[in-house]
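J.: Next come the chains, spelled out residue by residue.
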Amino acid sequence: MNDTVTWVGLAVSLLLVVVAAGISWWQRLGLQRQILIAAARALAQLLLVGAALTLVIAPGRSIWWSWLWVAAMVGYASTVARRRAPEVPNLLTLALASFAAAAVVTLGVLFGLHVFPLTGRTLVPIAGMMVGNSMTATVLAGRRLTDELRDKRDEVEARLALGQPSRQAAAPYVRGALRAALTPQIETTKATGLVFLPGAMTGLILAGARPLQAVLVQAVVMFLVLAATATTTVVIALGLIRRLFTHDHRLVHLPVPAGH
Amino acid sequence: MSEPTAFEFKRVTVVRAGRRVLDQITASIPAAGITVVAGPSGAGKTTLLRLCNRLEVPDEGTVCYRGQRLDDLDPLVLRRRVGMVFQRPTPFPGSVADNLAVAHPDAAVDELTTALKRVALDPGLLGQEARTLSGGELQRMCLARTLVTGPETLLLDEPTSALDDQPKQVFEATARDLAAQGITIIWVTHDGAQARRVADRIYQLRDGHLARATEGTRP
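Line by line, the protein sequences give chains A and B.
With the working numbering applied, the first sequence corresponds to residues 410 to 669, in that order.
With the working numbering applied, the second sequence corresponds to residues 107 to 325, in that order.
Simulated from the structure, these hints should not be mistaken for laboratory data.
For each label pair, taking beta carbons as the anchor points, the in silico distance ranges come out as: (1) R562/A to R175/B: 23 to 29 Å; (2) G148/B to V489/A: 38 to 44 Å; (3) T611/A to G241/B: 55 to 61 Å; (4) A279/B to T598/A: 54 to 60 Å; (5) T502/A to Q287/B: 46 to 52 Å; (6) T598/A to Q287/B: 56 to 62 Å; (7) Q287/B to D560/A: 33 to 39 Å; (8) D178/B to V518/A: 44 to 50 Å; (9) A279/B to V665/A: 34 to 40 Å; (10) T488/A to G167/B: 38 to 44 Å; (11) A226/B to R562/A: 24 to 30 Å; (12) Q272/B to H662/A: 32 to 38 Å.
Keep in mind the model is a prediction, meaning the values are calculated, not measured.
A virtual CB, placed ideally from N, CA and C, is assigned to each residue, including glycine.
Bound-form chain A, shown alone (with noise of 0.2 Å):
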């Protein structure tokens, strides 16, 4: 690990924001600004971000802080999560509970059966790919599963009229949210590899670790991502239907969100 990038070499790398500045210039877009700002506000946060890691996985550190790390950003996520859509009633909770199942799912496989070890230097960053991702599925499977019930009333009420119970009169509508928060993930998973280069492995090469070493760790997190997602939607589908429909299978009045 010596190929590590320098402060100059961090300071040389401003010049590709310049580019991408001044292409905004030169083709009048007016993003400069924001150009800039996006730049100098991810390499703040970034900063921020390492210096606190730094602090949680010391080694010596307890590993409660990294849990107390892995904790903050389920929060976080969650509270990100219904704001990006304030339409899906109760999402706060719901979320909050579906990165619960996903912790326990996939980090309960990786640290159980010892695929890493349990440390903060491994809690953190991967407790962090499992939330990360699994957020957009989140937001995508709550946001698509409302706006179905609310868009085919009809017809979940003809399915309901014939004296189906709730869950069974939203079945098909749960699949088809499940699918479509799913397939982006089954299609990047399908691409690894020939397509890009996914993250934690350009990450683990420039760090110089070898090739081989970097593909495992990495097939190791696209697993991850997939069950993370999974059971995110599964979680987050499966408790919609129970905030949706009443105890007496009735399908709740679901306003429509503005800006619709």
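Following the hints, complete the assembly by docking chain B onto the known chain A.
T.: What follows is chain B alone, placed relative to chain A:
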């Protein structure tokens, strides 16, 4: 005189978005024949119908079906005894047979064929993609789908409002046949002429109040 009662409403109030859609309704709907609930659009006819199979519940008051409070009945059992046809046809994906099977997954082909015959549809349609049927056929397929559950009562929510005259007449004749076979029918419509054609009795729903208006004039 006391005719057998299908539904009984006692001081039923439904409030939606701050508006009293139904206001302290007290009425009973007889079990025999076709009862039409007429009234201008927005009068709460659909809401009244949806209370009967518990797709909605009242904010105040009680609804009874054949002497039992709906709160005391399992909604899933109630909905198989009290079927519903919606204003717009609601075909599910797949063939006509797939659609009927949603109502009764274990039904034998005979039962599906019988259901189609009862609504004047050709049993040869069973294998056909449901969404390729005409509007009138679709609505009768939805009626057949409901019949597969073996209901005692049918709730019809303006089922012919999107149909032309000819399919409308076929639907009306089908419904009258079913009523003659002993099925209780509650038919919501804003079409006065249709109400007079099909009704054994007509109730008027206006400004949130329900009143028995006339005996039907059908021959």
